[in-house]
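Sequences listed follow chains V and S, in order.
Heads up: the first sequence at position 239 corresponds to 239 in my numbering, and the numbers run straight through without jumps.
Heads up: the second sequence at position 172 corresponds to 172 in my numbering, and the numbers run straight through without jumps.
Please keep in mind that the hints were generated in silico from the structure rather than gathered at the bench.
Any given hint could turn out to be false.
Note that the list lumps identical chains together, so a pair holds whenever it fits in one copy or between two copies.
[As the list claims (entries may be wrong)] Keeping only pairs whose Cα atoms sit at most 20 Å apart, straight-line, the calculated SDA-like set for lysine to any residue is:
(1) K206 - Y144
(2) K227 - L125
(3) K186 - S109
(4) K186 - A155
(5) K186 - D159
(6) K85 - D107
(7) K228 - P106
(8) K206 - P106
2 protein chains.
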Amino acid sequence: MTLDRCCIHTITTKPWALPEAVEKYAAAGVKGISVWQNATEGIGPRRAGEIIRAAGLEIVSYVRGGFFPNTSSAGRAQAIDQNKKLLEEAAALAAPMIVLVCGASPDQSLDISRNQIREGIEAILPLAEKLNVKLAIEPLHPMYAADRSAINTLAQANDMAEFFKSDYVGVAVDVYHLWWDPQLEKEIARCGANGNLFAYHVCDWKVNTIDLLNDRGLMGEGCIDLKKIRSWVEATGFKGFCEVEIFSNIHWAKDQDIFLKEVTEAFILHV
Amino acid sequence: MTLDRCCIHTITTKPWALPEAVEKYAAAGVKGISVWQNATEGIGPRRAGEIIRAAGLEIVSYVRGGFFPNTSSAGRAQAIDQNKKLLEEAAALAAPMIVLVCGASPDQSLDISRNQIREGIEAILPLAEKLNVKLAIEPLHPMYAADRSAINTLAQANDMAEFFKSDYVGVAVDVYHLWWDPQLEKEIARCGANGNLFAYHVCDWKVNTIDLLNDRGLMGEGCIDLKKIRSWVEATGFKGFCEVEIFSNIHWAKDQDIFLKEVTEAFILHV
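Using the sequences plus the hints, can you model the full thing?
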């Protein structure tokens, strides 16, 4: 598709500091940016927002909150405080939403972690509403269930989002985490019908993945049928950005100008 | 649990040839063995079966068939032939069942692969019935959906097994692939109620998994609640073996006598 709805997560071009990323994205014709917390370090979220808007880019999301589960109540309280701080930063940045990587602890059951996630979202929701910053629950691939997220399917994320009955709690659909799920089409339709489809993330799944975390593929490098999944997303009426979010030691090691060109070309060709 | 229902897959102690593995397992008090095809090379399945029975071990399964999907019809026909050959070998070994890693192709949709899996099982089922060798569909973790299996949840495996309405088609439940699934307890109950719970495999999920294929954990090394999942399996009336199946570059690099001792101790403590 054209770049009009192309957004890039700053982590995708990790070697670039925020001002450089902003300048390069805008020059490449990209229209949106999702800002990772590390990208605002040294600048602060308010100044980061000014730099981004001055370049004509739209801020799509601030990444990332969550990580609520903890075997100790002090640890859970600390996680809630960190999420509140993140919401304040998102408001200073003027980002409309934060993405929640919900968390998990290998030292307790997934059910307990899921309850703690619900309690965590409950605890930060009033501040999110007050600051007008939405919360997007991102289900993570089951290979991250040990310590990154106990929410591993779109069905679970939909259940969680619907529980809150709030315009401020929805879901981020990332193809990397969900492409394999036989229920995906059905659950995307459900998510959209409930007004809970807040974000759509793209990259690709490489057939010979060599690292569980940092070996995502550029769109077209793997086996995900991106056009089909986007058709399901758009069938719900979703008109938001398609956000490119690639963690890759291989791509980070490249000249990032060349990589950005590959990203925009792949976006036009494969998304 | 005690070793009375302990079975080990030959791949777990890959450095050992079959005769050595058989001798060592029996001496350690292990009662069952699941034989990988590579372990019979040079011996042949008939002689392998004699060696195993002479040592007093029970043969639990022959591993592994499947890999049905292929973009070419010639490739699919070849896969069916290979599965028929595997069934003949299982009969010569006198194994009661083969395990099916169903297969997937990154060059076609998961739906097409799932149809081809159904067609493949359909094609080999008459021979399985004739030889009295059961077929256990093993759902694989979603991280293997690109090229190893398009059957990634127990719900899908149950659907597939129930489709055939045959005493010869059932399911192998492996904790490594399924532990994360919020539907697991329900689907194990369904599987058992339909008489389709043919096999139960154990190992562990390491929190910092460094290799997608060969970094499985010894029971107790990871975060899977093995006793809880076994309680669900046994609640269905399952009285079969708990099969230890560990692929691990780390454990294979050890002295295998020491590793076997760790396996039996972990089995008693954690399974």
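Item to check | Intra/inter-copy verdict for K228 and P106 if alpha-carbon distance must be at most 20 Å | outcome: between (35 Å within a copy, 15 Å between copies)
Checklist entry - Can you tell me if K186 and S109 fall within 20 Å by alpha carbon in one copy, between copies, both or neither? => result Between copies only: 16 Å across chains, 28 Å inside a chain, cut-off 20 Å.
Checklist entry - Checking K85 and D107: alpha-carbon separation at most 20 Å within a copy, between copies, both or neither? => result neither (26 Å within a copy, 45 Å between copies)
Item to check | Up to 20 Å CA-CA - P106 versus K206, copy category | outcome: Cα proximity of K206 and P106: across copies only (9 Å, versus 27 Å in one copy).
Checklist entry - Given a CA cutoff of 20 Å, do K186 and D159 count as a within-copy pair, a between-copy pair, both, or neither? => result The answer is both: 13 Å in one copy and 17 Å across copies each meet 20 Å.
Checklist entry - When no copy is specified for K227 and L125, does a C-alpha distance of 20 Å or less occur within a copy, between copies, both, or neither? => result For K227 and L125, the Cα distance exceeds 20 Å both inside one copy (34 Å) and across copies (37 Å).
Checklist entry - Are the CA atoms of K206 and Y144 at most 20 Å apart within a copy, between copies, both, or neither? => result This pair counts as both: shortest intra-copy Cα distance 17 Å, inter-copy 11 Å.
Checklist entry - Using 20 Å as the alpha-carbon threshold, which applies to K186 and A155: within, between, both, or neither? => result This pair counts as both: shortest intra-copy Cα distance 9 Å, inter-copy 15 Å.
When held up to the earlier numbered hints, the structure conflicts with 2 and 6 and fits the remainder.
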